[in-house]
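**Student:** Below are the chains, spelled out letter by letter.
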Amino acid sequence: MRTERGARRAAACGAALVLLLALAGTVVPLVVPLDPYATDLEARLGPPDREHPLGQDALGRDVLARLLRGARLSLSVGATVVLVSLTVGVVVGATAGWRGGWVDEAVVRVIDVLLAFPGLLLAIALAAVLGPSLRNVVLALGLLGWTGYARLTRAQVAALRRREFVQAAQALGGGPTRIVARHLLPLAAPALLVQATFGMASAIVAEASLSFLGVGVPPPLPSWGAMIDEARPFLVVAPHLVLAPGIALTLTVLGFQLLGDALGDLMDVRER
Amino acid sequence: MAGLVLRRLALLVPTLLGVATLVFAFLHLVPGDPVEVMLGEWAAPADVAALRADLGLDLPLPVQYVRFLARAAVGDLGDSITFRAPVGRVIAARYPATLELAAAALLLGIGLAVPLGAAAAVRPGSFLDRAVRLGSLAGVCVPTVWLGPLLVLVFSVGLGWLPVSGRGGLAHLVLPAITLGLGMASILVRLTRASMLSALREDFVRTARAKGAPEWRAVGVHALRNALLPVTTVAGLQAGALLAGAIISETLFAWPGVGRLVVEAINARDYPLVQGCVLVIGTSYLLINTATDVLHRLIDPRLRDAD
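Chains as they are written, first to last, in the working numbering: chain A, 1 to 272; chain B, 1001 to 1307.
Bound-form chain B, shown alone:
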């Protein structure tokens, strides 16, 4: 088991290196002189030279690359130009808000998807099943950029139940979390339903019934536990994607997280901060995916033996 975890962690290294390389390449993809783009045409020559030296842009490219990697490895992501502070500190101040939002969206997604998907699978073709399938199709098709304003229109403007934007108590969390989590919930509902349908046809469910297990136990314990295996994996993968999806939801609701920070940094042409945000979100995504993979193997003994 320890071997599996170690091997999976070892696989992280080349992937992380690739991610860091991509982030490094960004600054060099900027058309023209990135320093001039960041500071504007009329910046004082001394400032331009100072920033250029600070970013190491006057060094040969391979040296820049190694310097970037060495600094990133110890968490030094450079200084933000707009905040006049270390990028790491700026991001750390915003990160908890994004985690809060993503966690709420994940809970909401799983909380909706598992009961609805399982209930739909127990009676395929029923009214509930049709409603769940239609709902999940709608959830997949409504784009996040529109779902947010639509929810604001109904629940804030129309009904006046929930605040329009900002971060505060639980009420502030509801709309951003639904906006972020509904797409994921729709994917998970479809998966839970399909997985539950095939689990209900398995021999072990028939055996459980034959041995006199009550129906709720055959369905809710024997079938559901097995049906949830693929659901946990996809939920884990989606959890990583939520961190990136948060960019839109945070922008819509003025939620002070890393997602909105990326957009602010892009608008301010604060490239060190853009690089830092992309690196942090990308790394989180990668770590969550790896953890999901390891967890999946821990839960499913068949995979453990096969490995």
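Extracted from the complex, chain A is given alone in its bound form:
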């Protein structure tokens, strides 16, 4: 229902937010030398001032420095999770769609079982069992997130594999891997890109949720979710400690959400 101009504006807003986040995570810490780990117990829960624009946390650490380092953490977790699940999903989905038969049947069954489970619960259980570490968070979220990409790729490959241009490529001696990679995946790319954009947002929220519950990234790493959890006991005396990471998290999700919505509209990917 949105006009193309509206979509372009939303895309611009989303892209600007994401770019801002990337800059905050990479360039800003280089220019502003703030240490996210330096504690100062004399200045616990310090209010915002000139030296510490967003105040200090329960251990006297600079909130702005932790927020910026958290941006890098969120972005890299999001990007790695999406990369892992996209790769697994595309390979599994393309294999199932191309081979058909029992391979396809088995893949569909596995996806059904995984989707029959609330994703967050599975991620929490998996992360809890593996132990809290950055690697395990990425592993748990990546291993659970591939189903959507696999479904998309499978549907696209299965629908196209009997078409004439595929037969022509086969007649010219193209192997399955080459045909799928060169001729079929580019057609699925817009839908995959839109899904990956939303995937970034949900991976970042999932990481924050896991860290909030204490089964995600271990301290002292400045995950925004962990920052919210650490700040909760001081909600009354130092509300800025909860507000800062929450606003950062919300704006990040908003950025990817707007970008995904707009990309879907612009590339005419039908929402399902």
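Honestly, the hints are just simulated from the structure, not real lab data. Be careful, since some hints might not be right.
[As the list claims (entries may be wrong)] Derived Cβ-Cβ restraints for the label pairs, each shown as a range:
(1) A:A189 to B:R1217: 46 to 56 Å
(2) A:L83 to B:A1138: 24 to 34 Å
(3) B:L1069 to A:R135: 29 to 39 Å
(4) B:P1096 to A:A12: 42 to 52 Å
(5) B:K1211 to A:W102: 49 to 59 Å
(6) A:G6 to B:V1154: 27 to 37 Å
(7) B:A1044 to A:L19: 56 to 66 Å
(8) B:A1010 to A:A159: 20 to 30 Å
(9) A:R135 to B:T1021: 21 to 31 Å
(10) A:L266 to B:L1059: 52 to 62 Å
(11) B:F1127 to A:T39: 46 to 56 Å
[Said to hold, decoys possible] Covered stretches of chain A (chain B as the covering partner; in silico rule of three or more C-beta atoms under 8 Å from a C-beta of chain B):
(12) 113-120
(13) 126-134
(14) 200-213
(15) 228-240
Cβ coordinates follow ideal geometry from the N, Cα and C atoms, glycine included.
Chain A is already provided as a structure; the job is to place chain B on it using the hints.
**Tutor:** Same frame as chain A, but now just chain B:
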């Protein structure tokens, strides 16, 4: 019709088996010796041996698997280490609180989403429509882990209207239910609006108007009833997801449900209890989804005939 229900129930069996297999695999994913992890390094050897025997960890893997499935099938989920009681009983004591919270969140979500979404669709582009769309975007973007503390800050600390945590009367339910239900409400608002927009363009609405039906009837009865079909399905699917989402809301508000129990069990390394909780929440989720699917086909005659 009975055939459809039976077929859908038959489909449950392999999926449930898959879910149980995943839960079984958890204990074996624990790095190192799970018994040592649970009891600590300095546990008495006799205790270690007893727990190992109780969990059946000294049996061959296939035997363990069959034993786990056979026990789970009759509701025997083992014993919780921290509570020193059967896992089933510990979970049963917490389950009603989670159901109460999820039901409140669902009611809130539907109660907000349907009227707002429908009203927005009746006048697209109006002030109300813009406000609803902006609100639903915000609702999707605010993560649960932050929404909870934010609500506490405004309504408990700032205004002093509602209690900060715990379970009690209706007042205790409000903030946890909003925290849990707002995301779902935002999804449902978008869906109701889109579905209502397309229903209002249908021939049967024009026919109703042409036959002289008053506007409230054309919109509120003819269009809305059809527009609600996809909404009920998604609401049902979301209802299952609420049970899992309750983990965060219950932790935030010290709500004594199964969600908080999972977190407690994880922190205490009480793996039988973790397994039990995951199995129970997963199974509930699955049953709700299946019920939604069957219900959807019952409501929509077109799907019934197609099947």
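**Student:** Taking the earlier hints as the rules, which of them does this structure contradict?
**Tutor:** Hints that this structure does not satisfy do not exist here, as all of them hold.
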